[in-house]
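Novice: Chains A and B supply the protein sequences, listed in that same order.
Heads up: the first sequence runs through residues 1 to 112, numbered per our numbering.
Heads up: the second sequence runs through residues 113 to 227, numbered per our numbering.
Treat the hints as calculated values from the structure; they're not laboratory data.
Take the hints with a grain of salt, since some may be wrong.
Quick list of the computed label-pair ranges, beta carbon to beta carbon [claimed, not checked]:
| id | chain 1 | residue 1 | chain 2 | residue 2 | range |
| --- | --- | --- | --- | --- | --- |
| 1 | B | Val186 | A | Thr107 | 31 to 39 Å |
| 2 | A | Thr76 | B | Arg176 | 42 to 50 Å |
| 3 | A | Gly54 | B | Thr125 | 46 to 54 Å |
| 4 | A | Glu17 | B | Val186 | 42 to 50 Å |
| 5 | A | Thr76 | B | Asp130 | 46 to 54 Å |
| 6 | B | Arg134 | A | Ser95 | 24 to 32 Å |
None of these values were measured; they are calculated from a predicted model.
Quick reminder that beta carbons are idealized off the backbone N, C-alpha and C, glycines included.
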Amino acid sequence: EDQVTQSPEALRLQEGESSSLNCSYTVSGLRGLFWYRQDPGKGPEFLFTLYSAGEEKEKERLKATLTKKESFLHITAPKPEDSATYLCAVEVGSSNTGKLIFGQGTTLQVKP
Amino acid sequence: GAGVSQSPSNKVTEKGKDVELRCDPISGHTALYWYRQSLGQGLEFLIYFQGNSAPDKSGLPSDRFSAERTGGSVSTLTIQRTQQEDSAVYLCASSIWGAGDYGYTFGSGTRLTVV
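In isolation and in its complexed conformation, chain B is listed as follows (with noise of 0.2 Å):
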């Protein structure tokens, strides 16, 4: 597709449940990152990919969190046993590498409702 895709754009969870966030990125792209926006905070890290090395997973705030890339194309970010701090929206960037003279594309985020 022409942009970055996210799938679902709203989720309401129950507390303790598990649930699947997916970005299908720009093709092309071998840069993917994943970022948390909480009500009033700046987007916050989570998670980088590129290409086939190793993730950068430095920004996970937890064990609860875990995010793989199949294929060097989707990406699914997998959040265990929600808690309420959890709510947010999760936002999904691809880039050709890196953050560059072009940036990343973002795509329009998942709205994560822990209740």
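Here chain A stands alone, though its shape is the one from the complex (with noise of 0.2 Å):
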């Protein structure tokens, strides 16, 4: 069965203070890995998508890298302003449909 798993639920960090979220996959048949962050009472903003094993992406403060387990979403010098709940998802399958399997999130809060 198809199963993605976030970890860890929660992080407290103080800004400035890195640290990287782990989305671990196991599926069959990866088509690709998407990161999305949710604010409280928001649906969920697209912030990447990772196709193959060794790719990385990054935007502002965050870097996202792919190996053929997990995904690691990198967060350097974090500020206040970067909390938020962050999903990953994957599409798997032979055919383009974008259905996507979320983990269940990491919620980050950034103390200043």
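With the hints in hand, could you dock these two chains into one complex?
Specialist: Next comes the structure, spelled out in structure tokens:
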């Protein structure tokens, strides 16, 4: 069964304290791995798509990396406005349906 | 509009009543998805529309759930004879095609509470 597991469930950082969020996956045929950010009361906001092992993408203080078994979201020198829930999702299968399997998310709190 | 619009934003209903949730996708987006987010759970796929193709209903949890998309645009998710376990946030998303390089654009969701 295709599965996505995120860790930790919650993470508290001081402003400027870099860290990483983990997304491990067990799937049959990865088409893409996605990272989203979700603020309270809002829908998830797209961050990155990664397609193959070794791929990296960056946006401001965030960098996403992908291996054959997991993805990391590295947060460098976070600010309080980076506080949110970060969701990882995978698209699997042979056709481009866009159906995603989501992990349960990591809730990040950055204190000033 | 500029984003995906969902209505109502909140809905409280009595157990056993039917509810309709509406989604207005971004103009020109051919793919439309419904997901459900329950407290403490990840997002759960419900149904997917792509252009004029038959919808993929593989995620609907029971035959009380149905959805339609009219004119390739607005979509309505209907839950009949609501149960307390249907309480969740229902999220709609749209994209040009699939999840691809730009992901989906999600709406803010409808929070459904069944009492």
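Novice: With reference to the structure, classify each hint as holding or not holding.
Specialist: Quick rundown of the hints versus the structure:
no., hint, result
1, B/Val186 to A/Thr107: 31 to 39 Å, "holds (33 Å)"
2, A/Thr76 to B/Arg176: 42 to 50 Å, "holds (47 Å)"
3, A/Gly54 to B/Thr125: 46 to 54 Å, "holds (49 Å)"
4, A/Glu17 to B/Val186: 42 to 50 Å, "holds (45 Å)"
5, A/Thr76 to B/Asp130: 46 to 54 Å, "holds (49 Å)"
6, B/Arg134 to A/Ser95: 24 to 32 Å, "holds (28 Å)"
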